[in-house]
Amino acid sequence: MVSMAIFNKISDYEWEIPRSYRSDMRVPVRFFASRELLEASLGDLSINQAVNAATLPGLVDHVMVMPDMHQGYGFPIGGVAATRYPEGVISPGGIGYDINCGVRLLSSSISLEAAEGHLNDLAIALEQACPNGVGTKGFIKLSDKDLDEVCQTGSRWALKRKYATQEDLRRTEEEGCITGADASKVSARAKARGREQLGTLGSGNHYLEVDVVDEVFDVEAAQVMGLIPGCLVLMIHCGSRGLGHQVCTDYVHELQSAVKKYAIQLPDRELVCAPLTSVEGKNYLAAMRCAANYAFANRQILAHQVRGAFESVLRAVDKNLWLRQVYDVAHNIGKIETHVVDGEKVIVCVHRKGATRAFGPGDPALPEEYRPIGQPVLVGGSMGTASWVLVGTEKSMVRSLGSTCHGAGRVMSRSKSKHNVRGEQLLSDLKKRGVIIRAGSMSGLAEEAPEAYKDVDKVVEAVQGAGISRKVARLKPVIVVKG
Amino acid sequence: MEICGYREISHAADLALNAWADSPENLIIQAAKGFYELAGVHFQEGDTLNYQFEVEAEDLEGLLVSFLNELLFLLEEKRIGFRHILLTINNHHLTARLIGSKVKGEIREIKAATYHNLKILKLGDKYEATIIFDV
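Just so you know, the sequences run in chain order A and B.
If you count the first sequence from 1, position 385 lands on 385 in the numbering used here, and the numbers rise without skipping.
If you count the second sequence from 1, position 35 lands on 35 in the numbering used here, and the numbers rise without skipping.
To be clear, the hints were calculated from the coordinates, so they are not data collected in a lab.
Be aware that a few hints might be false.
[Claimed, not checked] One side of the interface only, derived from the structure: several residues of chain B facing chain A at Cβ under 10 Å:
| # | residue |
| --- | --- |
| 1 | 24 |
| 2 | 46 |
| 3 | 47 |
| 4 | 73 |
| 5 | 102 |
| 6 | 103 |
| 7 | 107 |
| 8 | 113 |
Quick reminder that beta carbons are idealized off the backbone N, C-alpha and C, glycines included.
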């Protein structure tokens, strides 16, 4: 167990563990958190895991940790680490099993008031339109050729099949397709797991959520994004399904021998890595990009299905109904990006595990309409609590490798949550608070109870306090379809 | 405490399983039983099926992780699970002979068995390990 004594306070929302803390650290670790959130993290292994991540070869700047941090495996959830390209390494454990798990937000101009009498029907229509839960299959049957194309072109495949609009792609990180994906580097086993899962939500903490725009903090940015106070929006949280899980499993296994081959010493085997220029590193990068593209396409198909569900229920309320994409962001990903570190422009491989890209205003990677305001950042809540829309800032580019938080962050184990909370009671309590829940499993619902998570508002206060993101709008849940 | 067994232990976000046994083979079998329990697998009654597979890894920990990930793949993709498992370990090679059945369903999707802090400890006559599963 670590104590607060190991941290140097930089500001009220920034803390540092110096490189001298442990002899195998290659860079310091920087935490973005209030004292309260940081103290809350002392009880699990997240701080140690961040220090372990700081031992990876080729790291630049700091390992960064976001205020929604919690214990993961290998890296902490909420961790960001950048290795110099091409000399550094890439670590599958620094990206996670659910490659490109992420969030998509769609906006509407339908007010909650106008939709009020239709919300139960909407919840049922959403649940039926989007296969969810353990072991479910999608409605799309992919041929070998199609699956390879999904892996290599992501949302572009969906556009070709009329599941997407040009604007959807423009308003997706990497425009929904990371180049350099090579489907021949994805195992037959991973493809088998992914073949029938495109357009499925999955289970665990994945969800669809209809929210109302509860409060706007930045009127100009909200207007650009189409966020209207009192109107409905829809959030999709899911990833690359079995295909991504298997890609990570395959390469964590394969890289166990690579670390010996390249004489890399690591404090935890889940941090296994390979040089970016090695055969093993290149193969993983190409396969990981396939899984990331699969996830972009997956959320795109779900968005298409969600639009259908909204139209079937609410077309009578608004004949011009259209759910417009606000943005889609990855929060488990490895990307080759250029950042300024110690005054020098460097190309790096940024690992984000439970952290969101948060590029500031003017960045050419952003769609033109978002360049004046910065990249939209979508922060998921925990059913009963708020979700948030933020934007990246100039400071995020300087202090956090263009990264910020991704959600609330767990504080309670699943078994404890299930012990403390009954699914049926939670369902009833949330209903009283005006939240309709559709969940396949009451025990699964209990595991994901709001009490199992940190206060997302405090997480958002911390990233705003640190200056690495700025509040745009607070969203309040109305319907949650749990995977 | 029984000679062989397993129990779920607390983990903030994922699932952690502590298993112990009198041999490496039995330890891996206990971990498999724990895996099916954590996933909440419901086996179909009736027809049984025999299955065999092999895995290779750098060491015992690698065999444990690879074996569990093989079971996970067979559960998700082939919808089969196993209640009787016989293992033979020869250096970096594990041969599994299994009797199982089709699976009706499971309550929880486990993404993978991980290597996080994984060490198979030999304490006297007992082998013990704690495996973290990503969910």
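Quick rundown of the hints versus the structure:
no. : hint : result
1   : 24   : 17 Å, violated
2   : 46   : 20 Å, violated
3   : 47   : 20 Å, violated
4   : 73   : 6 Å, holds
5   : 102  : 12 Å, violated
6   : 103  : 9 Å, holds
7   : 107  : 6 Å, holds
8   : 113  : 8 Å, holds
Hint compliance for this structure: hints 1, 2, 3, 5 are not met, and every other hint is.
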